[in-house]
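Visitor: Chains as they are written, first to last, in my numbering: chain A, 1 to 558; chain B, 559 to 660; chain C, 661 to 1052.
Worth flagging that the hints you see were computed from the coordinates, not collected in a lab. Quick caveat: nothing in here was measured; it's all calculated off a predicted structure. Careful, some of the hints might be misleading.
Pairs of lysine-lysine residues, derived as DSBU-like cross-links and limited to a Cα-Cα distance of at most 35 Å, are as follows [what the hints assert, rightly or not]:
hint, chain 1, residue 1, chain 2, residue 2
1, A, K165, A, K80
2, A, K246, A, K165
3, C, K777, A, K165
4, A, K80, A, K246
5, A, K441, A, K80
6, A, K543, A, K248
7, A, K165, C, K1046
8, A, K80, A, K543
9, C, K777, A, K246
10, A, K246, C, K1046
11, A, K441, A, K543
12, C, K777, A, K248
13, C, K1046, A, K248
14, A, K395, A, K441
15, A, K248, A, K165
16, A, K246, A, K543
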Amino acid sequence: MYEYGEFDTAYVRDRVAQFRAQVERRLDGSLTEEEFRPLRLMNGLYLQLHAYMLRVAIPYGTLNSRQMRQLAHIAERWDKGYGHFTTRQNIQYNWPRLPEVPDILDALADVGMHAIQTSGNTVRNVTADHFAGAAADEVADPRPYAELLRQWSTDHPEFQFLPRKFKIGVTGAPNDRAVIRSHDIGLELRRDAAGAPGFRVFVGGGLGRTPMVGQELAAFIPERDLLPYVEAILSVYNLLGRRDNKYKARLKIAVHEHGIDTIRALVDEAFEERCAQFSGIDQELLSGIAAQFARPALEQRGVAPYHAAREADPVFRAWADTNLADHADGAHAIVTISLKPHGATPGDATAAQMRVMADLAARYGHDQLRISHEQNVILPHVHRADLPQVHGALKEAGLATANVGLVSDIIACPGMDYCSLATARSIPIAQDIATRFEELKLEHEVGPLKIKISGCINACGHHHVGHIGILGLDRAGVENYQVTLGGDGSETTVIGQRAGPGFSADEIVPAVERLVLAYLDLREGAEETFLELYRRLGAQPFKDALYPEQARRRRDAA
Amino acid sequence: MTKAFTPKVVTANALVDGDVIYLTADDRWSRALQEAELIEDEAHAQLRLLEAERQTGTVVGAYLADARAGPGGPEPAHFREAFRARGPSNYAHGKQTELSDV
Amino acid sequence: MRHDPSSGPVAARVEALNARYRNHAAIAVLRHALSDPAVGRIALVSSFGAESVVLLHMIAVLDRATPVVFIDTQMLFAETLSYQAEVAAQLGLSDVRTIRARPAALAAHDPDRLLHKSDSDACCALRKAEPLERALAPFDAWITGRKRFQGQTRARLDFFENEADQRIKVNPLAHWRPADVRDYMLNNRLPRHPLVARGYPSIGCAPCTGRVKDGEDPRAGRWRGQEKEECGIHLVNGKLVRGPVADDARQDQEEAAMNVIVTDTGFAADDRGGDFQSPDLPGATALDLAPDADVSVLQGRLEGVDIIRIAFPAFSDGRGFTMARRLRMMGFAGRLRAAGHVIADQYAMARRAGFDEVEITPDLARRQPWEQWQARADWRTHDYQKRLRGLA
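Construct all of the structure, not just a fragment, from the sequences and the given hints.
Guide: In structure tokens:
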């Protein structure tokens, strides 16, 4: 994986020094809060409901064991002993004190990490497929391009004060695990007829108040055009995006208002202008970066211990069935460590757990870890023969929950327990749903089902693309939860449809339970997933399950 | 229809640690909602808010939050303010631990 | 009335005043506050909301010439403005000082009057906090309507308070109960704010004062700011706000002060003295570009242009950076200036985007002196763009 060079290290240190001075100037009154806020946001520092919150980037979700250990150290030294992994491959600390934040940033710089541009109206942390570099279905590793984009977007002088935030997601596989059609720019790596790499480019995706699926801006741009093309899109957006209303300021609204063809014409024009700015040096840098992402030398030895453990230990087998994914090398597996124990806060890990994961990566995983947008941690290259040891160590640390992709593997934003924008809580709803399905012992029978919960319309919990989406709102001073159905965040992205009136905090878990039981009732067999059934039958049977009174009235009237 | 003024407290976050704070009648900032000045006059509320907003070196984002009188002092009128006054619900962090030894 | 300089620091005077007037009634406290040399120059700050009429009435009875400071955010309800005029006239108040944000500050920070939508805190700071701070500067003391009964903590609230060792705060109503306020208003037939009677729970600026349904709580603060486009303006009967007001003499003077030009070598006076022309003017050699100007119309017209100035209406509006970059890509080799609300932390961005210099107000130059700009004058180092483009 990418190791900081001298340039990166000097840059990040300088940036910490700048922020240290900015904090001092805020405290001495040279900077007003109005002026300080965008500066602290550019360095990942929010002011939330109860305290400051520091959002640290894990670029394209990749980190090594040393970095993970440093995250644990920061959690213990400057926070309350834990961290929260987010839906955009970041980690958030919920309790830092303003004067100590520069020290935390220095500690991050010690291991080649930063919190730059994890907030603010700028290009945010570039996200990528969390199985990148390991997945069996991959065309090419998207991370070298994501790193190139990280360097290009860092401190880009034109794009630090955009109309609104700007998100870029990259995938290297046809199966989209990076939700790229929900990004301002979604990049899908593909190859042309001659086998040369390039990108299919989507623009104008986004969730939030006005959810939109990204539209294709270009079917293929060659690799060398990546930076000028992306820069052209940004320059068009910087001038065209609305600044009069923050709810209409995202690129998706500009695409919607002007139409994809107008945007394409403007981007093509700007691209001509921008091309001359890049001499090809960026391509040399890219090949240097790509070399650092070469797949580690994988050991060739037998996998008998894996099969033996499957035979002997049903707990291991259940975990292997849900938490392993196919690696490009058949003797290896991609391990997803669930941060969703039933009843716990989705995405949280204690410092001790972080260290266990770091140790496992160092010992069994070629020193690599990934963070998924689904708020889990991944060991991308584990030899199958080592899986029983890995599972045993995870079990001891409370990290062996066998639920990846199932009902209790819920995405949830922090909600009103932490977030100052939230309109209702998310975490307790996720906890209660997971606890309930654990009691029912049904989730393995139910199979793949994505539940996603947001505590406000900004949709950090991706509820629009959950098979079952839950949106927490404030209705007349009471928490109320709206259900959306049929959403999909994959390569066949669909925005879920609202099912009907919302439910109170007490009613929402039984409502979800009715939905899942209705699915079990109606499916043709275990092979038919919740989403497939929804697509076959439409929303009505699910609405009937959600609102039995109405269904009864309709039957009576018929 | 005439509606009575909903009583208010002035609340903000502390600049240094971000903690939720409330303006008291004797011009302190308290971490406890119970110690806040319950303001029952809208004109006075606006003035108190102004006084709070002027303290840019101490507090961030002052605003008026609805509250009601309770036996032990002002109580939150809305669940958001209840969370701000108490702390998160998934861990016993924030005020729920730190205020217990006050 | 000037206070006696020999009467000592604020804390000592507050202690003495509280001892002297401990058992006085509200009106007596106010009478003494208006005349006691230990108090000094005094003003009443009033929002002309519901209960403030009580203190305004007392002032009118005691000394109609007492300065009354009224903060007009220029976002107030028409009803508040007419109520203010009505109360002032009916009570015969002779020194009502309406204070507002400076036009230059409004032009720099909120030219479209939309700041409240994107950043309500900044809007409050601009339109309320700063003007109040300025208005109180000449005074040694100010009068508030705070009462002791508020809050269950029975916090000590004295008639006289020490405000940060700078000013005395006088609370004549410290001992009043809600019934006292109502009785006083009834007995003296004082007019009520028209919007209070119509059910508005609090009367601030129009865009941020929302409708409140039964059982629903008003949105609060920053959070309420998130919802602003859904509330406020359309709920209001009649006109909302007035247009810009005429500058007073002091503001004229401030604006006449020369802007400061920032370059890599330091602060300097503006050698052009604001001599710029519209890009529509044929043959113009010094162009002023609005933040939404389309620079592509200048294609082929840049020959002979010496300097182009691009306006930054707010530091958070980054359009000017792309405009500058585009002008450079179009081959413009003359001077390029960013003018308006650009802060020291943006200096490196401005230089890297193609600007040569930044023009700021004397006010901003005072608050962010050269050292803070100098810290970012090393804009050539640590530049990813330069590296990616092979310019390092």
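Visitor: Need the list of violated hint numbers for this structure, in ascending order.
Guide: 8
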